Structure formats: structure tokens, C-alpha cells
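A.B. asks: Starting from the given sequences, assemble the full structure and let the hints guide the process.
Number of protein chains: 4
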Amino acid sequence: MSATFGTSFKVTIFGESHGKAIGVTIDGIPPGVSIDMDKVSFEMKRRAPGQSKLSTPRKENDIPDILSGMFDGKTTGAPLTAVIHNTNTKSKDYSEMKKKMRPGQADYPARMRYEGFNDYRGSGKFSGRITAPLVFAGSIAKQVLESSGITIGAHIGSVMDVQDERLTLDNATPELLKSFGEYHLPLIDRSKAKDIESVIETARDAGDSVGGTIECMALGLPAGIGNPFFNSIESVLSHLLFAVPAVKGIEFGSGFDIANMHASEANDAYYYNEDGNVKTKTNHNGGITGGISNGMPVVFRVAVKAPSSITKTQDTINIESGENVTLEVHGRHDPIIVPRAIPVIEAVCAIGILDLMQTR
Amino acid sequence: MSATFGTSFKVTIFGESHGKAIGVTIDGIPPGVSIDMDKVSFEMKRRAPGQSKLSTPRKENDIPDILSGMFDGKTTGAPLTAVIHNTNTKSKDYSEMKKKMRPGQADYPARMRYEGFNDYRGSGKFSGRITAPLVFAGSIAKQVLESSGITIGAHIGSVMDVQDERLTLDNATPELLKSFGEYHLPLIDRSKAKDIESVIETARDAGDSVGGTIECMALGLPAGIGNPFFNSIESVLSHLLFAVPAVKGIEFGSGFDIANMHASEANDAYYYNEDGNVKTKTNHNGGITGGISNGMPVVFRVAVKAPSSITKTQDTINIESGENVTLEVHGRHDPIIVPRAIPVIEAVCAIGILDLMQTR
Amino acid sequence: MSATFGTSFKVTIFGESHGKAIGVTIDGIPPGVSIDMDKVSFEMKRRAPGQSKLSTPRKENDIPDILSGMFDGKTTGAPLTAVIHNTNTKSKDYSEMKKKMRPGQADYPARMRYEGFNDYRGSGKFSGRITAPLVFAGSIAKQVLESSGITIGAHIGSVMDVQDERLTLDNATPELLKSFGEYHLPLIDRSKAKDIESVIETARDAGDSVGGTIECMALGLPAGIGNPFFNSIESVLSHLLFAVPAVKGIEFGSGFDIANMHASEANDAYYYNEDGNVKTKTNHNGGITGGISNGMPVVFRVAVKAPSSITKTQDTINIESGENVTLEVHGRHDPIIVPRAIPVIEAVCAIGILDLMQTR
Amino acid sequence: MSATFGTSFKVTIFGESHGKAIGVTIDGIPPGVSIDMDKVSFEMKRRAPGQSKLSTPRKENDIPDILSGMFDGKTTGAPLTAVIHNTNTKSKDYSEMKKKMRPGQADYPARMRYEGFNDYRGSGKFSGRITAPLVFAGSIAKQVLESSGITIGAHIGSVMDVQDERLTLDNATPELLKSFGEYHLPLIDRSKAKDIESVIETARDAGDSVGGTIECMALGLPAGIGNPFFNSIESVLSHLLFAVPAVKGIEFGSGFDIANMHASEANDAYYYNEDGNVKTKTNHNGGITGGISNGMPVVFRVAVKAPSSITKTQDTINIESGENVTLEVHGRHDPIIVPRAIPVIEAVCAIGILDLMQTR
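Protein chains in written order, with the numbering used here: chain A, 988 to 1347; chain B, 988 to 1347; chain C, 988 to 1347; chain D, 988 to 1347.
Some clues are possibly wrong.
All copies of an identical chain are treated as equivalent in the list; a pair is satisfied when it fits inside any one copy or across any two copies.
Computed cross-link-like contacts, DSS-like style, restricted to lysine-lysine with a CA-CA straight-line distance of at most 25 Å [said to hold, decoys possible]:
| hint | residue 1 | residue 2 |
| --- | --- | --- |
| 1 | K1266 | K1299 |
| 2 | K1007 | K1181 |
| 3 | K1266 | K1061 |
| 4 | K1266 | K1032 |
| 5 | K1032 | K1299 |
| 6 | K1086 | K1268 |
| 7 | K1032 | K1007 |
| 8 | K1299 | K1026 |
| 9 | K1086 | K1061 |
No lab work stands behind these hints, which were simulated from the structure alone. Please read these numbers as outputs of a predicted model, since none were measured by experiment.
C.D. replies: Now the structure itself:
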């Protein structure tokens, strides 16, 4: 059971990569919201494959077909359903994939979970392609949040050992966050782009792929959003972020570094600024204390593993013969998933924050 | 809205630190389960204050009073409610706490969230004390899991710069995991205990407190538990883990280190062992692929910040006068929360895994 | 799984009739609401046994003990938990009850559902006593609704063949609805009280019991509350109303009579009254069209069966011996449950309407 | 918020009558279930318009397009989404409908609920057409239930004053329940068909429409399904049944008649039959005691009002001009909705019972 998330802004996703279509139903969008479909398309394109020489050359026209919930360009208050047709599904031979469990992929656990009946073609229900509906829903959520003065943006934290700068209280602006969307490799320090490209290309040429981190910020969130315990901001966002394939770690604010701090450092001291607004001098807690926003920027980082499909020979099992075998996964693979995951991370962040705001 | 979590093993917590009582209702325990109350008490005591010279000297008799759901020593299938009375709530003067927002605590965001009506005494709803009901529920979940051959245990990952060894495919056994409960400072390398005590005492003597990390493992989980996307194991566990106060980061398997790996390394290759069982050679994915268990040990680490209440003078605001002020928090505080958080982490891990198993 | 209901005003009930206590946790009460505990006690007393010669002489002091969620007489926004201790549980011999399945009671289905581990003493989890926590939660909901100008009241629709008048657009006023609480046999036509008493006493003297109907109205609900399809007002209210033991039928507005009407009659024609407010000339739809309130009074009737526990000899089975046997249920039983069910019906109506209003 | 219902067999519906499409996502179907699409089509056709001279002559090809969740003719365990395209939506002038609130329809409450942004064309989200996805989901649920020996069938209880016989312990068989699907006017006493046709035609010729009742039974449900209080069988089924447009009343077993019975009659006495199975002599409780099935047939009746759209002149309001006006609704309307509602009632009954069985 994993199709639906949310309390008030409720998102239900469906689809398998090689079925007819994938899609999403959003329940709980307020009526009367004007949706800018160009912005939606822009976000969809950021995630789509084939946008860069660093991505898979596989092209998909991820054009959402809105079936319900919109009338005269505005939301009706009824569930909004969008469908994305699977047009580029080659009817190739998947018989090997059925037997040989690809390491790092869901083949084996899915087979155990669904007793062998899951659609294994192209990872089926587990395909990264299912993040497209999330980006669609997130682009709606982003537009609702923007109308409340909240901006969300993410950039590359690192690719292997190449690090970008971090978002700080000094450098973070709505303009910077928005500008990330213009680049396939969004960076604060744009001089790092070349090094990153080089790392990716080297791995790709070796039949391998690379991991990295993504840093995301929500700017403009007022104090008082969220809850203690079960529905803390961290709980809701991490639930959604770990729903994104390949994410294996999350840290808010200073995250794991906070474990090395004394309270006198970690305790982000409050002060009134010259305008009489409550601020903290540091932001080690990433804008969240006790599970609730404190008015400072919400910031987090996620660890994203290298995409599992590589051409390098790997050891694995043949689940039907019961033998240890080797495997080479051919096809059009991404040598890195971080750039295409960035709009997905922004999307689920927007979904989670909007749901928390609507359920206050 | 944050009182209830879970789909099938559903936990509802209630209470404020200075109200009459705190407690928990568990809905969805199968009928006929024998509950060993000594084991429950043992877990409660691990979390309770005053168990060690490294903890607050404040004593609380956290004896759960079971109001329903048990009959003749077995669960009835009806909701099980346990209440823990707040006996040690000094009626001291909290007027300063109402005005001066303690840095690192929920005082300010809670005031914004609840429009000033929250019970601010001793952090109220945000008190770490509310983790006692979680430990109670977790101790029930642990007993149900144990009867299915699943063992959960956690130890100190690090305290400031002192690191313990990690749980690995080589050293992890049910016996080791169970043994952690016997120590206030559970460690794989027990020789580190002295260094850790020293770090804690130094901070305490300076009126400060320290952070650390906790590593937790679930051993014996069969392959096929969990879900793709919204209810992945990582999603459900992180949701619960970030509900625990002071947790600011989570990583599964190799976590943030996986971001620096090529897929050829990160892809935990499968093999049949001599008994014909499916295993992976490495466990960088922490026993979870595609959100579903793959049969290897589930392992994760959390970052825990230093407890916020310190006697050192801190800068903050007086929310009633609108002035920048200083604050000294006197009282019986923990110089570290990691040891007392360990049974809480185990508890929420057990709650999450049992809920996932029951909702297959 | 049946302990929790609601989306925003979320009610979790617990307890068995012969355990230590029963109770309720309410999550989602807005912070800062002043609760009049006298009004709560008044509602509790309406439901309590022993209030009338027509009720069981069994006395219970159903005094709710509030454990959390209140501070300085106001709600804090944290979950409010109230416990009612079971003080009048005679430790009599229940061994016959374990074997002989009482007709009309949940003994047999409960045994099947819970594999024999349910607490069978005094109906356990199935006891009408568990409605006391519902009345507590409802009395909170009623107070919140009253502050929005919404009044809820219920009276006897009928007892066997003795009918009271119906609530109509002409006779329904907030004052009338409130006055119902003052009587053990609330009636519009008070002259029917004697006939009803006589019907009840005749049955009681014969070792039997009687059924009846209850009519309930919510006055002052604005148009636009509710939802199409799954969360229609009728859906939410009927879900809660059928949770009340002994309810076997529900009809909104003209209910089953509407099945005999042409649309030209059933279609409650709209008009603007002299004040320019939208009204309908008739109210066959009971204030609800398309699942949503239309601004007219919400009115419904429920059928309540006779309490099952009677002293008359009944045929049944001995589930342990596998034999057909006879049974006489001795004890202090209600010869009718309608009067004590009235505050319960009002309570769940208030819970449902408030939840719908808070989740708009 | 009304798009999703269910805990384990979770149904999400979407669509407006004049949008691109309507549809449904079902989460929680077990993997590996063979779906007979002919049976699905058969159920869809029972509900579709234009199947009889007694129904609207409007033709709709309600052919479900399955987008996901099926592979090689079997369910995959992933969410199953089916879409039904809206092909017969005439782009006529809806401007009058926007202003003049049709009595008995959701026009006015919907306008209040959605602040005027709802798609008002052809009732939009409130259209009876949205029951087509429910029938689709129900036909899947029915097939799963049938494989467990559970049969569901419904017939006309009454049309205006013409009554069919009732389903009883004597006449109810799986064969009878299944046979109902073969008739547009399913009846136990087929001699009543002519009278019913006559009543319908008389009303239609007068520009009016008629109401009626439906009786539905689930045969083969084992004892022990359901829950006390919030998720009683009656609670779950009534929640779903009142989601069906035009339903205004529900009664289980003897329903409102039970209110006139003494307990000695209402208490369905248990006995062991010759095969040693537990039975009750009567079935006044409709197979449900304490919210849980007792092994006897589950039976209920619903009251269905006459379809609101009639050509007869009606009084109403013009919400834009603020005036009292008259209205004639032209078009292709049903003079009765009962026959087309029968497969919908069966469908939601199947959905509810399957969800209860899967969440035990």
C-alpha cells in the first residue's frame, strides 16, 4: 500500500514504466487556483530524460494530460488527475531481466513482495519514471506556495568528491533558488560544473555511474508550521524524500555535523533584528525546532546513490535456475541521477510543506 | 495533528510533561499475544532519567498503568492503553519560561503554532518525556517481532569525536544486539566508554551538553517487506525517527557515504550462499532496495543533537517585552541525550517495522 | 481496527467494560477553547445509568479525568485525553457467559473475530459503556459548534408503536433542541411520556425490553459543508451513528418516505425569503444535497433495537460443548436503551459535523 | 476531501461529467488475481445509460481503459488505474445552469462549497456518472470475493408503492443473487415488472420521475468480519452507500421495523444446525451483531430518491440576479434511477466488504 500520501493536499500516484500510462490524482487543491501550465511543463522537462549529454539519450515526451479538476484554467476543487502516456516503451526481450536479479535494483525484493506478479519490465512500478507524476504534483504545490511567498529550490551538493558551496543565511535568496531551474547542473559555484562533468564522463566511459548529494531550501515559510512528534516537518518531508528512488540519507540544517556540536553552538540563539522580526544567529536546526518551523530557512540535504543500471559486468543470481551468474545491463542509462532528481526533490518538498500548511 | 501514526499497528500518544499523565493507545495488536511485563519495564527503565551519573539526577517512576486491551496476561485485540502518571512535576515558577524563548527548544515555534495556549511548563507537549509512551509501544512491538525471529538493537555510533565501531555483516548477531540493553553506554568496542564519559563530564562541568549518533539494526527481517514510493521502509522509519526530539539526520546503509560510490561498488551484488539462501556481498543499501527489504540486515544511523537545556548563559528574546535578553536555564538537565534516546530509537524502529509487516 | 475516527477532529476511543478504565483521546481541537466542564458533566449524566426508574438501577460515577490537553481551563492544541474509571465492576462469575453465546449480543462474532481472546466480561469492548467516551468527545465538539451558532438536539421519535411528533421547519428552534436535554424522555409532545413509560414497564415486567427511534437535528449549519461522494455528510454521520451499539437503520430528511415521492415533490424548491436568504420550501433532503449542506436544518432518524439482555428464557448455543441450550440473563438491565442513547446520538452527530467543518 | 476511501482495498475516484475523463485508482488489490474483463464489462453495462426504454436514451460507451496494475491478464500488486473517457458531452449552452439552481441537485451547495469554481456542466463532480468508476472497482472486488465464496446481489425493493418480495433465509441463494444481473428490473417476483414499468412510464409522461428502494445481500460472508464501534460493517457499508447519489436512507436486517420489536423477538436466537454449523433462527440483525458478521446473510435496504432532473416546471432561485424564478430542465433524463443504481449498490457493498476482510 503505497499509492497515496497526504492529509489535506493528498497525492495518489499510479503507473508502471511499461504499462499504458503513469499519472497522479491530487485531492485537496483549493478551488479557484490559476495554474500556469508553462511552469508545469518547465518542471516536467527538468526531470525528463534526454535533456543533456550527461543524461540518457532516451527521449520521452512527458506531457501531462489533465483529465479532471480544471475548468476555465482554474482548479475546481475536485480531484485533479493528470496522465502521462508511456510512448517510448520498446517491446524488447525482458526474459533475462525476469530471471537475473539486477543488483541495486528492486527486482529481487519486488519479486518477493509481489510473489512474482509484478511487472518487471523496465523496473515497472519501481521505475524512476514514476517520479514524473510527483514532479507534476509538486509543480502545482509550488505555484500555490509561491502565491504565499514561499520559494523552493535545490542545487547539487556534491558529485562524488566535487563539492558545491552550501546555502547559508548569507547567500540564500528567492532569486538564487529560482535560478537553479535554469541549469542541468545547478550550482552556487558555477565554476564546479566542469569538474562535475568530467567526473560523470569518466564513470560513464568506464561503464559505471556516480552518486552525489542534493541540497534543498524552502524560503519564506512562516514560523508555526508543522507539529510535535509524528507529523514534524522533518517526519513529513523525510517520508516523501525517501519515497524518491536512490535517496539513502537525509539531514536537516547541520544534520550529522550537529552530532559534533555542544548545545551552546547548536542552540541557534534568537534575536530581534532591526525590523523587530525574530531571527536566529545561526541555522544549525535548518529552520525547524520541535518539528515546527521557526521562521528561518528550511534546509536539508539528501544522499543520492549512483544509478544501478551499468554496463560493467556484475555478479548476481539467476532466481529461476538458482545459480550464481554474471550480468551486463545494456541500454540507454543515466551515468548520474542527481541532476534529474533535483526537480523531484523540490517537488516532494513542496508537496509536504503545502500539506502541512493546509492541515494546520 | 500529530497524535496518531500507523496503518495496522496504530499508535496514538498523548500527554504533556506537567499535566496529570502521559500515555499511549495501541490499536491493531493481534489478539492472544502474551506480553512479558518485565521486558516492558526493562525498556522503560533504559529510557527513564536518573539511571546513571551521566544522566539527570531527576528520578521518575515511569510505571505504565495498563487500562485496557489486556485480559489474563494476553492482548484482547481491543485497543491497549497505557498511562504513565506525572509524579515529579515541581510546581515551580515557570513565568520566565513563558517569556524567554529557550534557544534550541520548541518554545517559540510552539507559541506561534498554538497561538500562545500551549502548556509551556517543562516543554509541555514537546518534552522528551513523551518518548516514554513510545518506548512502551515499542516494547510491545519488539515482543511481537521477536516471536517472528526479528531482533532490534542500537548502540552509540559516536559521542562528539569519539566513534564506536560499526555494525557489519561480520559482527552483527542477535546476541550482540540484545546485549546493548544491558549498558547505559552500549558500545561494540567497550574500551571507548571511558573516553565518552570523559567527553560528557567535561561538557557538563562547563555548563554545556554534547551530541552524538546512534546506530540501529533490525536483524532477521525477511525479504519482501515494505513498499515502493510512499511507504518505503525508509519513509516509514524516517517518519517515526524524526518524531523523536533532537534527531536531525538519518542515513540507511552507507548513507551519505554512498554518494561517493560508483554503482559498481554501491550495487550490493547478490549471491547464493552455501545453504542456497540469497545474500548480498556488501550491505551499502542497509537491507533495503526499492523501499523493500532484501533479506539483509536493516541498518541506519541517526544524528542526535546536544540537549538544549544548559546552564551556560545564552542570548535570546523576551517575546513579551520584545527585547533581546540573556538566559540561564537552571535545573536538573541531561548533559547528553544519546544513551536515553537509544531505547527510543529501537522502539520506533520496532513500531515501524511491525506496522509494515502487518499491512502487507 | 476501529479505535480512531476523523480527519481533523480525530477521536480515539479505548477501554473494555470490566478493565481498569475506558477513555478517549481527541486530536485536533483548536488551541485556546474554553471548556465548560459543567456542560460536559451534564451530558455525561444524561447517558449514565441509574438516572431514572426506567433505566438500570446500576449506578456508575462517570466522571471524566482529563489527563492532557487542557491548561488554565483552555485547550492547549495538544491531544486531549480523558479517562473514566470502571468502579462498579462486580467480580462475579462470568464462566457461563464465556460459553453461552447471548443472542443479539456480540459474544459469538467477537469470539470469532478475536479468536477467543476478547475480554468477554460484561460485553468487554462491545459494551454500551464505551459510548461514555463518545459523549465526552461530543460534549467538547458541541461546545465548539455552539460558538459557531450550531445547535444539536435529539428526542424520542418513537417507542414501539408510540410516536412523538417530528421536528419540522415550523417547530424546530435552538431552544427546543436544547430543552431536550432536561428530560429523561425528551419529547416534542410531552403528553406521550406516560404512554411510553407504560410500554417500557410492561415489557420490563415481562422480562423483556423494547426498541424505538431517535430523531436528531443540527440547526444553524451554513451551506457548503460536506463533500460529494466518499465524505458526504450522510456518509460521515452514518459511519459514526452505526458505530453506536443497537443502531440498525438511518434515514436523512424524509428518508424511506422519499422513495415514494415523485421528484416534483422530493426536489425541495429553493426560494429567497424576505431577508434575501436562500431557503427551501420543504426539507425532504434533510438539509443535505449532493452530500453537502444546503443551509436548511440537518435532520435524521435512527432505529434503535431493544437492549439484548433480558431475563426471559432464550434459545442459544454452548460454544464449548457444541450443544443447543437455553439461557437466562440475570442482572441489572435496561428495559430500553433509547433515552440513554439520545445524548450519544447527539454526541456523534457533533463529532462528525465538527470534523467536516474543520477539514473543509 | 472525498476522493479516497478504504484502508487496505483503497479506492480513489476522480473526474467530472464534462471533463476529459473519469476514473478510479485501486490500491491494495493482491498480486496475481486474474481479472475477467467480460465480467467487468457486464457490470459496467448494467449501470450505463441507454440500456432500456425506461432509462435515458443517452448512450455512453463506458469502456474502461486500464492504464496500470495489470500484466499478462493478472493484477501486479501495483495501483490499478482505469479511465473512462467522456465521449458524449454535448457542448451545449450551460449558462442557465450556472445561474438557476436546480432543486434536488448539488448546484447550490456545490457553489457554496467551491466558491463558484466547480465545473457546473452536467453536475460536474456531482454527476451520477461518477458512479461508473465505482462499478468498475466493485466488479474487481466482486471477483476477489467470489473466489472466497461470497456472492453479492441486489434487486428492486420497491418502486413507489409497488413492492417486490424480500430476500429471506428461505429464498436467498447464490444463484438467485447472480440472476438479478440479467434483468434491467431485477425482481424476486417477476410478475411485478409490468406494474413497475407502468408507474415509471406514467411519471415520465407527466414530466416527472419516481423513487424506490433497493435490497442487497452478501451471501457467504464468514463470521468474524468487521469491528466494534468505528469500523463496524454497518459503518463502513453505510459510509460507502451514502456516497452513492440519491441514497437517503439505509437499514440493515429488519432495520426500522426492529424499533417495534421486543428483544425476545429481535435477538435472533442461535442454534447448531444438523451439520454442526452455527445459525440463527431469524435474521433481524441482517447478519451483523456488534458490528461484526455472525455468519448469516448480510442484508440491507436503501432508499433512493427520484432523479432530480425533470421537465416539469419548478420554482427556484437565480443566484446571480438574486430573484425567485421558475425552471424547466430539458434533456435526456432518467425517469427512475433505481435500476441503474442497483449495480452501484452491489459495487460499493463489495468494495466495503473486501476492505474489511483485507484489514482484519
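A.B. asks: A separate judgement is required for each hint: does it hold in the structure or not?
C.D. replies: For each hint, the structure was consulted:
{"no.": "1", "hint": "K1266 / K1299", "result": "between (51 Å within a copy, 20 Å between copies)"}
{"no.": "2", "hint": "K1007 / K1181", "result": "neither (39 Å within a copy, 46 Å between copies)"}
{"no.": "3", "hint": "K1266 / K1061", "result": "neither (37 Å within a copy, 29 Å between copies)"}
{"no.": "4", "hint": "K1266 / K1032", "result": "neither (37 Å within a copy, 39 Å between copies)"}
{"no.": "5", "hint": "K1032 / K1299", "result": "neither (29 Å within a copy, 52 Å between copies)"}
{"no.": "6", "hint": "K1086 / K1268", "result": "between (56 Å within a copy, 19 Å between copies)"}
{"no.": "7", "hint": "K1032 / K1007", "result": "both (20 Å within a copy, 24 Å between copies)"}
{"no.": "8", "hint": "K1299 / K1026", "result": "neither (38 Å within a copy, 48 Å between copies)"}
{"no.": "9", "hint": "K1086 / K1061", "result": "between (48 Å within a copy, 19 Å between copies)"}
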